[in-house]
Structure formats: C-alpha cells, structure tokens
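> What follows is the residue order along each chain.
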Amino acid sequence: MVKDNDTEWLLPRRKPITKDVLDRAIDTDEEAASREHQAQEAWFDRQHGTVMLKLTDGRVFGAEPGFIPSLRDASPKQLRGLRASDNGVYLVVEDLDLHISVDGLVTRIMEESPLAIKRSGARLVGLTTSPAKAISSARNGRLGGRPKSKPKTAAQQG
Amino acid sequence: MFIGAEDHPPPHVHAVHSGEGWVARFRFSFLSDVTGLYRFRRRGRRPTGATLDRVADAIMANLPACRENWWATHGSRHEIGLVNRRVETRSIVGGDGFLAKVGLKPSKAAVGIVSAGYDSGSGRTALILEDGRTLSLTAGLHIEEAAEW
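Residue numbers (our numbering), protein chains in the order written: chain R, -14 to 143; chain Y, 222 to 370.
Rather than coming from a laboratory, the hints here were simulated on the basis of the structure. Don't be surprised by glycine CBs; every beta carbon is placed ideally from N, CA and C. Be careful, since some hints might not be right.
As the list claims (entries may be wrong) - Mimicking DSSO-like on lysine-lysine, the simulated pairs with C-alpha atoms at most 30 Å apart in a straight line are:
| no. | chain 1 | residue 1 | chain 2 | residue 2 |
| --- | --- | --- | --- | --- |
| 1 | R | Lys39 | R | Lys62 |
| 2 | R | Lys0 | Y | Lys326 |
| 3 | Y | Lys329 | R | Lys4 |
| 4 | Y | Lys326 | R | Lys118 |
Unchecked claim - Residues of chain R clear of chain Y, computed beta-carbon distances all greater than 12 Å:
| no. | residue |
| --- | --- |
| 5 | Glu26 |
| 6 | Ile120 |
| 7 | Ser121 |
Kindly produce the complete structure, drawing on both the sequences and the hints.
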C-alpha cells in the first residue's frame, strides 16, 4: 500500500522568476496565442450602436453592448473611447478603466448565440449512446444496414 | 495591472509595461497564497527577473483583492479554475480542520469538483463535489498545484 507522502501536502510557495520560468511563459504565450482571436482594430459604431472588432485573420465581429456584460451599463460617450490594445489581446475602454479579453469576448458571442447553442445541443444529442439507440441500431442492421454508396460517375467526380 | 473582463481561467492578473512593450500574465489561486508567471509577451527587450519578481510580490500582497476582483468579474460563470479538477482531503489540526489538495496528478481518492464559488467577505472558497459534498475552505490555507509555482 502506498502511503501519502507528506512533502506532497505542503502549501505551495512562490518561486523566484528565473530565465527558465520566463522562457516557459514565453513559449506558453506563443502556443496559446496561435489558437486565440486577436483584434487588429476595435471601435464603437455610433450609427448602429454596436461594438465592432476586426480580427487579425480578417473577420469582423459586432455586437450590441447589451450582449457584453462588462459593457451593459456603458454610455455611448464612454464607448466612443473603445479601442484595441497594441497587442490585440484585449479591448480597452479608458473611461471605465476596463480591459476586455478579445478571445473571451469572441468565444462568448459565438457560444451564446441561440443558433450555436441549438446546433451544439443537437450534436451532443447525436453523440449520446443509450440502450434504446443500440437496440434500434441493431434492428436497422438486421434490415441490411446503410445502403452501400454507389461508385461516383465520371460526371460526379468532376 | 488589471484583471480582464470576459477572460478565460485560470484566474490571472495582467501586468503591462507600455514603455518596455511587454505584457505578463500572473496566475493566482483561490486555494493557496501563491502566484506564478503564466504567460509573457514582449515586443522589445526582456525585463529582468527582479522586475517581474516585484510584480509578483505586489500580487502576493493583494491576493484577497485579486480574488475578489476575479470573482466579481467572472463569478457569474463560475470560472475560478477549479471546476472539473479533482480534490482530495486529509485531516489536520488547526486551520479548517482539514487540508484540501487539488493536485496536478490527483490520486484515486480525489473527487471531481462540479462547482466552485468564492465569498470575498469571509475569504472562503466553496467547492461542490460530484459525490454531493460541499467543502468550505479558507483561501490561502489549502493546496492548488500548478506548473507555474
């Protein structure tokens, strides 16, 4: 029987920041940044009352402030100062002393779209297995299963 | 220095030096009094370790405020970096009467965390576990393991 090792139950303590620690943090950032949305530009579209951001990959996103919890109570005057940070990682609203993560915001806007929720819900339902599904699948299998796909004609292959 | 809105866990503070062109992210914990450099991006020269140590010391001195700010900003989505991790406990004398550990390599006895919350008034972190138990923990008196510290 393996006993608990007391050294594994010590409260963690802050370590000095060495070159290796800094190197690892740089690597972590580079790796993570390649998977994150970053803003090239951000602005408040007064005409449409919409927060707009152009991402570094060329896509443009927009949402009314009501969809962005941290901006729900912001006035149009305050939103006029909205801009992207130099590194594109966050949006800045100086008047509110507010920094908003661009990746978190874009992910939220997309994830909380009712259509996206509906689609991901449908996908999850499709992935779910159950005894009833297994029985149904076996029953369908006894009928011959899925029809075999026909070879494509030359015209279909283009 | 700031905590960003709409940000992802783990809980962290951004430290920006516009003049030298770098942004450092320091991770912190709702269980342990600790911080560690998590991500770092620069345009120009690297800062010295001593400079970053001073930033880390400032975060350590303000951990309750960091936790409060993170919880106020991200608490509605219950993102304090502990959900779906596993916690184990052992009895001790003093403190909360037990020690909780969220390890990097949890043992078989560890139980999954399904929900986590924080009360800034009392400085306590509450964990709801998948076996139905609730743990109420004094922030700073328990163990969260991380690669950054």
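> Each hint needs a verdict: does it hold in this structure or not?
How the hints compare with the structure:
no., hint, verdict
1, R/Lys39 to R/Lys62, "holds, 21 Å"
2, R/Lys0 to Y/Lys326, "holds, 20 Å"
3, Y/Lys329 to R/Lys4, "violated, 35 Å"
4, Y/Lys326 to R/Lys118, "violated, 36 Å"
5, Glu26, "holds, 18 Å"
6, Ile120, "holds, 30 Å"
7, Ser121, "holds, 31 Å"
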